[in-house]
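The whole structure should be built from the sequences, with the hints applied where relevant.
Heads up: the sequence shown begins at 1 in our numbering, then just goes up one per residue.
Hints in this document: simulated from the structure, not taken from any laboratory.
A virtual CB, placed ideally from N, CA and C, is assigned to each residue, including glycine.
Hints may contain errors.
Said to hold, decoys possible - Cross-link-like lysine-lysine pairs, in silico, BS3-like; alpha carbons within 27 Å at most:
1. 177 - 197
2. 260 - 36
3. 197 - 36
4. 260 - 177
5. 36 - 107
6. 107 - 197
What the hints assert, rightly or not - Ranges between beta-carbon positions, derived for each pair:
7. 206 - 70: 17 to 25 Å
8. 263 - 233: 35 to 43 Å
9. 133 - 178: 16 to 24 Å
10. 137 - 241: 35 to 43 Å
11. 138 - 232: 34 to 42 Å
12. 124 - 242: 24 to 32 Å
13. 59 - 237: 34 to 42 Å
14. 133 - 231: 25 to 33 Å
15. 263 - 70: 37 to 45 Å
16. 229 - 108: 43 to 51 Å
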Amino acid sequence: MPLPSPLPSPWQDPLHGTMLRALFPTGLGMMEFQDKRVIVTGAGGIYGRWIARAFAREGARLCLSDNRAEALESLAEELALPEERVMLHRTELMEEASIRDLAAHVKAGWGGVDILVNNAGIYPGGDLFDLPTSEWDRVFGVNVRAVFILSREVAHLMVAEGVQGCIVNISSGASRKMNPARVAYCTSKTTLDRLTKGLALDFAPRGIRVNAVEPGFAPGSEVSPLSDEYVSNMLARIPLGRTSGPDDAAAAVLYLCSGKASYVTGATLTVDGGNSIRT
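In C-alpha coordinates:
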(Lines of atoms letter the chains of each structure in order from A; the text may use other names.)
(Lines give C-alpha, C1' and ligand atoms only; values in the text may rest on other atoms or scores of the structure.)
Protein backbone atom coordinates (compact mmCIF):
# COMPACT_ATOMS: atom_id res chain seq x y z
CA MET A 1 0.00 0.00 0.00
CA PRO A 2 1.56 3.33 -1.02
CA LEU A 3 2.21 5.70 1.84
CA PRO A 4 2.11 9.48 1.57
CA SER A 5 5.43 11.02 0.63
CA PRO A 6 7.29 12.46 3.61
CA LEU A 7 6.79 16.13 4.31
CA PRO A 8 9.33 18.41 2.63
CA SER A 9 12.38 18.83 4.83
CA PRO A 10 14.94 21.65 4.97
CA TRP A 11 17.12 19.72 2.50
CA GLN A 12 17.43 22.82 0.33
CA ASP A 13 18.91 24.86 3.15
CA PRO A 14 22.69 25.33 2.69
CA LEU A 15 23.44 24.26 6.26
CA HIS A 16 21.26 21.17 5.96
CA GLY A 17 22.89 20.32 2.64
CA THR A 18 26.32 20.54 4.25
CA MET A 19 25.17 18.23 7.02
CA LEU A 20 23.85 15.74 4.48
CA ARG A 21 27.14 15.71 2.60
CA ALA A 22 28.96 15.04 5.85
CA LEU A 23 26.53 12.27 6.76
CA PHE A 24 26.54 10.70 3.29
CA PRO A 25 30.02 11.05 1.78
CA THR A 26 30.10 9.86 -1.81
CA GLY A 27 30.70 6.12 -2.02
CA LEU A 28 31.90 5.47 -5.57
CA GLY A 29 33.01 9.04 -6.15
CA MET A 30 31.29 9.48 -9.51
CA MET A 31 27.58 9.68 -8.60
CA GLU A 32 27.06 6.74 -10.92
CA PHE A 33 23.57 6.19 -9.55
CA GLN A 34 22.32 9.75 -10.01
CA ASP A 35 18.56 9.59 -10.69
CA LYS A 36 18.53 5.79 -10.88
CA ARG A 37 15.25 4.33 -9.67
CA VAL A 38 15.94 1.87 -6.87
CA ILE A 39 13.59 -0.38 -4.92
CA VAL A 40 14.83 -1.64 -1.55
CA THR A 41 12.65 -4.17 0.26
CA GLY A 42 12.95 -4.60 4.00
CA ALA A 43 14.17 -1.01 3.99
CA GLY A 44 13.34 -0.49 7.64
CA GLY A 45 15.75 -3.18 8.83
CA ILE A 46 19.46 -2.88 9.53
CA TYR A 47 20.76 -3.80 6.09
CA GLY A 48 17.88 -2.10 4.32
CA ARG A 49 18.68 1.20 6.02
CA TRP A 50 22.37 0.89 5.26
CA ILE A 51 21.75 0.05 1.61
CA ALA A 52 19.24 2.89 1.26
CA ARG A 53 21.73 5.36 2.75
CA ALA A 54 24.41 4.24 0.29
CA PHE A 55 22.17 4.77 -2.73
CA ALA A 56 20.93 8.09 -1.31
CA ARG A 57 24.43 9.51 -1.11
CA GLU A 58 24.97 8.46 -4.74
CA GLY A 59 21.98 10.49 -5.92
CA ALA A 60 19.51 7.67 -6.54
CA ARG A 61 15.75 7.88 -6.29
CA LEU A 62 14.51 5.42 -3.69
CA CYS A 63 11.33 3.43 -3.31
CA LEU A 64 11.50 2.15 0.26
CA SER A 65 9.45 -0.96 0.96
CA ASP A 66 8.66 -2.58 4.30
CA ASN A 67 5.63 -3.96 6.10
CA ARG A 68 6.11 -1.48 8.96
CA ALA A 69 4.91 2.00 8.09
CA GLU A 70 6.62 3.60 11.09
CA ALA A 71 9.99 2.14 10.07
CA LEU A 72 9.62 3.57 6.57
CA GLU A 73 8.66 6.99 7.85
CA SER A 74 11.61 6.99 10.25
CA LEU A 75 14.05 6.12 7.46
CA ALA A 76 12.58 8.72 5.10
CA GLU A 77 12.96 11.35 7.80
CA GLU A 78 16.57 10.31 8.37
CA LEU A 79 17.47 10.40 4.67
CA ALA A 80 15.78 13.79 4.26
CA LEU A 81 15.46 13.38 0.50
CA PRO A 82 13.24 15.74 -1.48
CA GLU A 83 9.73 14.48 -2.09
CA GLU A 84 10.35 13.67 -5.75
CA ARG A 85 13.28 11.40 -4.87
CA VAL A 86 11.60 9.06 -2.41
CA MET A 87 8.55 6.80 -2.33
CA LEU A 88 7.26 4.72 0.56
CA HIS A 89 5.31 1.49 0.13
CA ARG A 90 3.95 -0.70 2.91
CA THR A 91 4.34 -4.13 1.34
CA GLU A 92 3.01 -7.44 2.61
CA LEU A 93 5.41 -9.89 1.00
CA MET A 94 3.15 -12.86 1.71
CA GLU A 95 0.52 -11.33 -0.58
CA GLU A 96 1.15 -11.39 -4.32
CA ALA A 97 -1.27 -8.51 -4.89
CA SER A 98 0.74 -6.31 -2.53
CA ILE A 99 4.00 -7.20 -4.28
CA ARG A 100 2.53 -6.43 -7.68
CA ASP A 101 1.18 -3.15 -6.29
CA LEU A 102 4.71 -2.20 -5.25
CA ALA A 103 5.96 -2.58 -8.83
CA ALA A 104 2.92 -0.73 -10.17
CA HIS A 105 3.47 2.07 -7.65
CA VAL A 106 7.00 2.71 -8.91
CA LYS A 107 5.90 2.51 -12.53
CA ALA A 108 3.16 5.07 -11.91
CA GLY A 109 5.53 7.46 -10.16
CA TRP A 110 8.77 7.09 -12.08
CA GLY A 111 7.91 5.10 -15.19
CA GLY A 112 9.95 2.06 -14.22
CA VAL A 113 12.84 0.61 -12.24
CA ASP A 114 16.61 0.47 -12.75
CA ILE A 115 17.67 -1.48 -9.67
CA LEU A 116 15.93 -3.89 -7.30
CA VAL A 117 17.44 -4.95 -3.99
CA ASN A 118 15.57 -7.91 -2.52
CA ASN A 119 16.71 -7.33 1.04
CA ALA A 120 13.65 -8.34 3.08
CA GLY A 121 13.95 -11.57 4.99
CA ILE A 122 12.85 -13.21 8.22
CA TYR A 123 14.90 -15.33 10.63
CA PRO A 124 12.53 -17.31 12.82
CA GLY A 125 13.59 -20.24 14.96
CA GLY A 126 11.94 -23.56 15.53
CA ASP A 127 12.85 -27.23 15.70
CA LEU A 128 11.44 -29.02 12.65
CA PHE A 129 9.91 -31.62 14.97
CA ASP A 130 7.39 -29.03 16.17
CA LEU A 131 7.49 -26.41 13.41
CA PRO A 132 4.01 -25.59 12.08
CA THR A 133 3.54 -25.83 8.34
CA SER A 134 2.32 -22.24 8.36
CA GLU A 135 5.68 -21.08 9.76
CA TRP A 136 7.62 -23.01 7.11
CA ASP A 137 5.42 -21.43 4.46
CA ARG A 138 5.98 -17.97 5.93
CA VAL A 139 9.77 -18.33 5.83
CA PHE A 140 9.76 -19.47 2.22
CA GLY A 141 7.04 -16.99 1.33
CA VAL A 142 9.10 -13.99 2.39
CA ASN A 143 12.63 -15.26 1.73
CA VAL A 144 12.05 -16.98 -1.62
CA ARG A 145 8.57 -16.66 -3.16
CA ALA A 146 8.39 -12.88 -2.77
CA VAL A 147 11.83 -12.52 -4.35
CA PHE A 148 10.67 -14.46 -7.39
CA ILE A 149 7.43 -12.50 -7.77
CA LEU A 150 8.96 -9.05 -7.36
CA SER A 151 11.94 -9.88 -9.58
CA ARG A 152 9.58 -11.06 -12.30
CA GLU A 153 7.40 -7.96 -12.06
CA VAL A 154 10.39 -5.60 -12.06
CA ALA A 155 12.01 -7.47 -14.95
CA HIS A 156 8.85 -6.88 -17.00
CA LEU A 157 9.14 -3.15 -16.31
CA MET A 158 12.81 -3.13 -17.27
CA VAL A 159 12.20 -4.96 -20.54
CA ALA A 160 9.26 -2.69 -21.42
CA GLU A 161 11.53 0.36 -21.03
CA GLY A 162 14.59 -1.20 -22.61
CA VAL A 163 16.47 -0.84 -19.32
CA GLN A 164 19.49 -3.04 -18.70
CA GLY A 165 18.79 -3.28 -15.02
CA CYS A 166 20.25 -4.97 -11.98
CA ILE A 167 18.77 -7.15 -9.26
CA VAL A 168 20.64 -7.95 -6.06
CA ASN A 169 19.34 -10.52 -3.58
CA ILE A 170 20.52 -10.40 0.02
CA SER A 171 21.43 -13.95 0.99
CA SER A 172 23.31 -15.36 3.98
CA GLY A 173 26.22 -17.60 4.87
CA ALA A 174 23.54 -19.80 6.41
CA SER A 175 22.85 -21.01 2.88
CA ARG A 176 25.93 -23.25 3.14
CA LYS A 177 25.26 -24.86 6.50
CA MET A 178 22.54 -26.06 8.84
CA ASN A 179 21.95 -24.69 12.31
CA PRO A 180 19.76 -26.39 14.92
CA ALA A 181 16.30 -24.83 15.13
CA ARG A 182 17.10 -22.64 12.09
CA VAL A 183 16.68 -25.26 9.36
CA ALA A 184 13.80 -23.45 7.68
CA TYR A 185 15.86 -20.26 7.39
CA CYS A 186 19.02 -22.02 6.21
CA THR A 187 17.06 -23.98 3.61
CA SER A 188 15.33 -20.84 2.37
CA LYS A 189 18.67 -19.09 1.84
CA THR A 190 20.10 -22.12 0.01
CA THR A 191 17.06 -21.96 -2.24
CA LEU A 192 17.54 -18.21 -2.70
CA ASP A 193 21.10 -18.79 -3.90
CA ARG A 194 19.86 -21.21 -6.54
CA LEU A 195 17.04 -18.84 -7.47
CA THR A 196 19.61 -16.06 -7.95
CA LYS A 197 21.47 -18.19 -10.49
CA GLY A 198 18.22 -19.19 -12.19
CA LEU A 199 17.04 -15.60 -12.49
CA ALA A 200 20.46 -14.60 -13.82
CA LEU A 201 20.27 -17.32 -16.45
CA ASP A 202 16.76 -16.51 -17.64
CA PHE A 203 17.11 -12.72 -17.45
CA ALA A 204 20.54 -12.45 -19.10
CA PRO A 205 19.18 -12.50 -22.68
CA ARG A 206 17.02 -9.54 -21.65
CA GLY A 207 20.01 -7.51 -20.46
CA ILE A 208 19.24 -7.86 -16.75
CA ARG A 209 21.96 -8.92 -14.32
CA VAL A 210 21.10 -10.77 -11.10
CA ASN A 211 23.55 -11.31 -8.26
CA ALA A 212 23.56 -11.88 -4.52
CA VAL A 213 25.39 -10.50 -1.50
CA GLU A 214 26.03 -12.47 1.67
CA PRO A 215 26.43 -9.83 4.39
CA GLY A 216 28.33 -10.29 7.61
CA PHE A 217 26.80 -10.61 11.03
CA ALA A 218 25.14 -7.43 12.29
CA PRO A 219 23.21 -7.63 15.57
CA GLY A 220 20.40 -5.27 16.46
CA SER A 221 17.48 -6.37 14.29
CA GLU A 222 14.08 -5.35 15.62
CA VAL A 223 12.39 -8.00 13.47
CA SER A 224 14.55 -10.95 14.62
CA PRO A 225 16.17 -10.01 17.95
CA LEU A 226 19.14 -12.09 19.14
CA SER A 227 20.34 -12.93 22.65
CA ASP A 228 23.52 -11.38 24.05
CA GLU A 229 25.05 -14.86 24.30
CA TYR A 230 24.39 -15.53 20.62
CA VAL A 231 25.93 -12.20 19.62
CA SER A 232 29.06 -12.87 21.71
CA ASN A 233 29.48 -16.34 20.25
CA MET A 234 29.14 -15.02 16.70
CA LEU A 235 31.63 -12.21 17.26
CA ALA A 236 34.19 -14.67 18.63
CA ARG A 237 34.23 -16.65 15.39
CA ILE A 238 34.71 -13.74 12.96
CA PRO A 239 38.39 -13.69 11.85
CA LEU A 240 38.47 -9.91 11.31
CA GLY A 241 37.21 -9.43 14.85
CA ARG A 242 34.20 -7.17 14.32
CA THR A 243 30.60 -7.28 13.25
CA SER A 244 29.43 -5.88 9.94
CA GLY A 245 29.24 -2.10 9.67
CA PRO A 246 27.03 0.20 7.61
CA ASP A 247 29.36 0.42 4.61
CA ASP A 248 30.34 -3.24 4.21
CA ALA A 249 27.44 -5.01 2.50
CA ALA A 250 26.13 -1.72 1.07
CA ALA A 251 29.37 -1.17 -0.84
CA ALA A 252 29.10 -4.68 -2.28
CA VAL A 253 25.54 -4.02 -3.44
CA LEU A 254 26.55 -0.76 -5.12
CA TYR A 255 29.49 -2.46 -6.82
CA LEU A 256 27.28 -5.20 -8.27
CA CYS A 257 24.87 -2.56 -9.59
CA SER A 258 27.63 -0.44 -11.09
CA GLY A 259 29.27 -0.45 -14.49
CA LYS A 260 32.34 -2.00 -12.88
CA ALA A 261 30.36 -5.23 -12.57
CA SER A 262 28.82 -5.15 -16.05
CA TYR A 263 30.18 -8.65 -16.80
CA VAL A 264 29.06 -10.14 -13.49
CA THR A 265 25.82 -12.09 -13.18
CA GLY A 266 24.76 -15.14 -11.21
CA ALA A 267 27.47 -14.44 -8.64
CA THR A 268 27.36 -14.31 -4.86
CA LEU A 269 29.67 -11.85 -3.13
CA THR A 270 30.46 -12.75 0.48
CA VAL A 271 31.20 -9.79 2.76
CA ASP A 272 31.38 -11.31 6.22
CA GLY A 273 34.79 -10.61 7.74
CA GLY A 274 35.88 -14.17 6.99
CA ASN A 275 33.13 -15.80 9.04
CA SER A 276 32.27 -18.25 6.26
CA ILE A 277 35.85 -19.51 5.91
CA ARG A 278 35.04 -22.20 8.46
CA THR A 279 31.94 -23.46 6.66
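Exercise for the section: Using the Cβ atoms, figure out if residue 137 sits within 35 to 43 Å of residue 241. Expected result: Distance hint for residue 137, residue 241 holds at roughly 38 Å.
Practice task
Measure nothing beyond the straight line between the CA atoms of residue 260 and residue 36; if it is 27 Å or shorter, mark the hint as holding.
Solution key: holds (16 Å)
Handout entry: Distance restraint between residue 36 and residue 107, which requires alpha-carbon spacing of 27 Å or less
Key = Since the Cα atoms of residue 36 and residue 107 sit roughly 13 Å apart, the hinted pair holds (cutoff 27 Å).
Exercise for the section: Please test the hint of 34 to 42 Å on the beta carbon pair from residue 59 and residue 237. Expected result: The hinted range 34 to 42 Å holds for residue 59 and residue 237, with Cβ atoms some 38 Å apart.
Practice task
Confirm or reject the claim that residue 124 and residue 242 have a C-beta distance inside 24 to 32 Å.
Solution key: holds (26 Å)
Practice task
Evaluate the given range 37 to 45 Å for the C-beta pair formed by residue 263 and residue 70.
Solution key: holds (41 Å)
Exercise for the section: Take the C-beta atom of residue 206 and the C-beta atom of residue 70, compute their distance, and say whether it sits inside 17 to 25 Å. Expected result: violated (37 Å)
Handout entry: Range hint compliance [Cβ, residue 133 to residue 231, 25 to 33 Å]
Key = Cβ of residue 133 to Cβ of residue 231: about 31 Å, so the range 25 to 33 Å holds.
Exercise for the section: Take a quick look at whether residue 197 and residue 36 sit within 27 Å of each other, Cα to Cα. Expected result: Roughly 24 Å between the alpha carbons, so the hint for residue 197 and residue 36 holds.
Exercise for the section: Go ahead and decide if the range 34 to 42 Å is satisfied by the Cβ distance of residue 138 to residue 232. Expected result: violated (29 Å)
Handout entry: Assessment of proposed distance window 35 to 43 Å (beta carbons of residue 263, residue 233)
Key = holds (39 Å)
Exercise for the section: Sort out whether residue 177 lies within 27 Å of residue 260, counting only the CA atoms. Expected result: Violated, because 31 Å separates the two Cα atoms, which is more than 27 Å.
Checked against the numbered hints listed earlier, the structure breaks hints 4, 7, 11; every other hint is satisfied.
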